[in-house]
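Asker: Here is what each chain is made of, one letter per residue.
There are 4 protein chains.
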Amino acid sequence: MTELSNSYLEEAIEDSRPYASQGKVNMNLPDYGEANKDYLGVSIITTDGSCYSAGDHDQYIPMQSTSKVISLMLALQDFGKDRVFQTVGMEPMGDFFNSISQLESYDTSKPFNPMINAGAIATASLIKGQSVENRFDRYMHFLKKITSNDHLEMSGEMYEAEKANGSRNRSLAYFMHSTGTLVTDVEEALDLYYRMNAVMMCCHDFARVGLFLAKGGLDPDTEESLIPAHHLRTVKAIMMTSGMYNSSGHYAVEAGFPCKSGVSGSIIGTVPGRMGIGVVGPAIDEKGNSTAGGALIKKLSRDLKLNMFGIENTERTKDHAF
Amino acid sequence: MTELSNSYLEEAIEDSRPYASQGKVNMNLPDYGEANKDYLGVSIITTDGSCYSAGDHDQYIPMQSTSKVISLMLALQDFGKDRVFQTVGMEPMGDFFNSISQLESYDTSKPFNPMINAGAIATASLIKGQSVENRFDRYMHFLKKITSNDHLEMSGEMYEAEKANGSRNRSLAYFMHSTGTLVTDVEEALDLYYRMNAVMMCCHDFARVGLFLAKGGLDPDTEESLIPAHHLRTVKAIMMTSGMYNSSGHYAVEAGFPCKSGVSGSIIGTVPGRMGIGVVGPAIDEKGNSTAGGALIKKLSRDLKLNMFGIENTERTKDHAF
Amino acid sequence: MTELSNSYLEEAIEDSRPYASQGKVNMNLPDYGEANKDYLGVSIITTDGSCYSAGDHDQYIPMQSTSKVISLMLALQDFGKDRVFQTVGMEPMGDFFNSISQLESYDTSKPFNPMINAGAIATASLIKGQSVENRFDRYMHFLKKITSNDHLEMSGEMYEAEKANGSRNRSLAYFMHSTGTLVTDVEEALDLYYRMNAVMMCCHDFARVGLFLAKGGLDPDTEESLIPAHHLRTVKAIMMTSGMYNSSGHYAVEAGFPCKSGVSGSIIGTVPGRMGIGVVGPAIDEKGNSTAGGALIKKLSRDLKLNMFGIENTERTKDHAF
Amino acid sequence: MTELSNSYLEEAIEDSRPYASQGKVNMNLPDYGEANKDYLGVSIITTDGSCYSAGDHDQYIPMQSTSKVISLMLALQDFGKDRVFQTVGMEPMGDFFNSISQLESYDTSKPFNPMINAGAIATASLIKGQSVENRFDRYMHFLKKITSNDHLEMSGEMYEAEKANGSRNRSLAYFMHSTGTLVTDVEEALDLYYRMNAVMMCCHDFARVGLFLAKGGLDPDTEESLIPAHHLRTVKAIMMTSGMYNSSGHYAVEAGFPCKSGVSGSIIGTVPGRMGIGVVGPAIDEKGNSTAGGALIKKLSRDLKLNMFGIENTERTKDHAF
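Residue numbers (UniProt numbering), protein chains in the order written: chain E, 1 to 322; chain Y, 1 to 322; chain W, 1 to 322; chain R, 1 to 322.
Hints in this document: simulated from the structure, not taken from any laboratory.
Hints should not be assumed to be uniformly reliable.
Copies of the same chain look alike in the list, so a pair counts if it works inside one copy or between any two.
Below, simulated DSSO-like cross-link-like pairs (lysine-lysine); rule was C-alpha separation at most 30 Å, straight line [to be verified]:
# : residue 1 : residue 2
1 : 81        : 24
2 : 110       : 163
3 : 287       : 81
4 : 110       : 299
Chain E on its own, in the form it takes in the complex:
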């Protein structure tokens, strides 16, 4: 088993960076030109607190869909599992992340899960608060706490860009409103969703979110429990089956630990009990996942034996067998 170190990560970055050329940068995002295409960065923080980084790890990008992980945690905290999953399902779907057909299909109009756009809009609409501002404040407060980073903020430019290209999400939201899945004001639900997506983070912040999941909900500073561990099990399970758009099955096989990606090229990875991983690589494939970032995630899994379905990962537990 390869030992984790900064120099190992540098090598891994150089191995994976060439995959960026197979992807395209999401041109709906401002300042996201071809210039940024080859960016690739990674941070890993282990449960014992060690931190490793390499490549363009200090590059800030918008959370985009990685925000779905945060809003699901908050909604579970605010309403509990039963209520959340009355509004949104927990089943993976073999379909595009912004599919509207599935909302119309069969006897249900419930979005399949909280990791697809429709499901995330519905989930975000559950977060408690008197106003969009208030609800977004709560989101930011929670995010700053679990990343231990008080400086996080939304990019106004990204927010505006998101809003300007929002027709598909609007369509999803109004559809859910017409079926009664979304009961709050549609424009407010979308506004909150756009804000969440526009928060800027770097690898270290993404890794901190992964670490929070890996440690079962402990405050990174105080080690006290911020959110019940069973809610985080739920989040991790849904990331595993549905976190990587319609390549989720592929990543379950090839990475083997829970991940969530965003079309900005961000990836949050979490290996329960071991580490959180944050990746930034703006060039994405046609499914929406970072090409170089995905290659890196899979390489880390192989080299560091992170695959949860692997026996190597568990042989060390032999003496714990009962």
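Fit chains Y, W and R to the known structure of chain E by using the hints.
Answerer: Quick look at chains Y, W and R alone, frame taken from chain E:
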């Protein structure tokens, strides 16, 4: 953490048995009358060789869809990962297990994954052999080896019943033949598929399959490797995302370890590095999963801390952190 | 063949009125209570100018989807056939009138035809004008001319109700905007669409629209051509294949002449070269068609030999054979 | 209005023949090589008995889907409208002719209409008879009678080719068997369907079928009624909405009279009270319709004023107005 014992399992069975009344026995199977509806049995074999059983654990039922796990292992062994996944996908789908619509959708006619009927028929068609008999012999030889049970055999009656009710599967197979996904003789592919489904097993046999996966492919008698561990990681990942029909997401959340069910009421469970689980409970829900068996699987996960996304499951590894 | 007369129509109304009890009044429309459920009225105007009416023929109801006929005529007039059918298809669909799945299917995001909501919103967006007001004025001007009724106007109450229940249409419109089918301002396109639907008409007005189509586009007052006859052939053909929601095939068989219905219970019928028919019957079936009105349309077809596929309808042309 | 004559038809053929280059010959049919690609022939028989032909009108090709018109007439004759439309719908669908998705959709597994493959297989299964041979004999007897051609016969070679490429139809048939739509033996239903499709006809025969429909069911020799006129109205209406695969809407607009095409390049056209049209042109477009034949049908409609939605077609009836 509850300690695993026969008496614990007896209690768990009695707790879970009442859920049988919420299900229905699959009437397409002979001798599967209401009389059997309340049957519920379980066997667990840990990686150190200890075996625990309770309830109707010696009741034999046909494998049905649990055979998909075996045929995927054999196909991977025969052809390797690349070739197998040229024929069948590895993505979960939020749809019924015998869906034909998905075969027609978008730009692909490849079945979503090897755990749905279409995918399993395509996977089985890959197994090497000169004839149906020969290919089925290879299947049985492999199955007997990994279960360490030479007495396993196919039920002629179940095979005939399967064949007589086979219109939907025939439809799937001919569709795949028309698109070039299934290139072998259709009736032979179906015949092999029906035979596999009709093999009779009891809880101990199902648990043995789970154990084989949990131990990464070691011969239960000789401890030598029968199949590369990475193939078994693939199988377990696909069971996690797609093994429980369109409740797979629910089981990823509520059980948190790889499972595969069959409409006979069988369930194979596997906890990597820890144990194999076999469950028999003929009353199934509308998705195709054993109602009492599913309740039991979820109870075992909670009581024995089997959820792979859980932190309790991994705290014991703290001293292994790097 | 039954002779057309007011007394015949009175009988036909009484025969058909009981079917109202099989339908439901659309409760999204104000003042559309159970009180109105049994209303049934009809007007027929023949190409020689004779006019017959019976029942509640002076009851005013909103046009709803019957406006789709008007906006298609205007769009064809403004842009010609080629341009209109670059934006919207001309194929019938066996699906619900507000289906969004079809927009996502296969390689096209073009709405199937101008008689479904998505297609009508796209068609309306083509109508020329500097502003919503200006475009709606042109619509009203055209409508008043072909109905020879200067008193037609929009109901503000119906417009507001339409707007308040507009989530599904908004979803359709934003979806089309996201795919580039709808290139104008979405809210303006919807606003125009809602206004058109909220224009109040009675049987005589609906019959006048049918007559305009039946006479190939002649001004009812001056007999001069207002719109090329070939555009009206297009409109009538599309009404035949797609005018009665997903009962269009049923009405092609059972009525056999072009019709268009609205969820207010309105029906426009047109028998080329013979007559225009206007029907009002607020109780609608689950497909969106007036139950009593539909029964009446089918009775008229049988009694008056209006089925264009019928030989009786054409025997009179024997001496014209070549 | 152009006068109908052999020389006019020769001109029309030469105008339309170049469109053959835009199509492809169906290579699943034997002897259907590129050599035949430019074939184009037409026959027209008017209700007064005059017959006109031009081009390759004596070229024999298999009926393919034009047989659907015959089997629908026979099924209506054998069982009546109610019974037939319990098994198959009468709604057009905006989907591919061999779509299986629609069978799975919504709450019905009834094929949309008798003009698509699934619907035609179900319809054919209704035709009375003790055996496939007996039922096919009845089909041939009826076909010979309405075409007044005792020499019609099935091509064994075409039948074998159809059978060898039958996986998609098999898939459709077994699907319908699994849902209870098809209650007879599946292989027998398919066998009958393949035989019907393999009957060889030339333009004159196809035109005779169109004439039979145009005259409302009269025996071409004796002028006595062979089948009630109302059944033929039903057939013609369904041809109008669904006869040209998923270009049916296009042909309703551009031709404006009932047509049915087959992938062999055959087209049956019928103008009620006026004429039957038979076209042969083997090069088909991606929807399944003859490219040159379709161009010819549309040219005939324009030149001879055959569009039933046209006012020119009906102005002659002004003196019959009531």
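Asker: Now tell me if each hint is right for this structure.
Answerer: So, going through the hints one by one against the coordinates:
no. : hint        : result
1   : 81 <-> 24   : between (37 Å within a copy, 28 Å between copies)
2   : 110 <-> 163 : both (24 Å within a copy, 24 Å between copies)
3   : 287 <-> 81  : both (29 Å within a copy, 21 Å between copies)
4   : 110 <-> 299 : between (36 Å within a copy, 27 Å between copies)
In terms of the numbered hints stated before, the structure departs from none.
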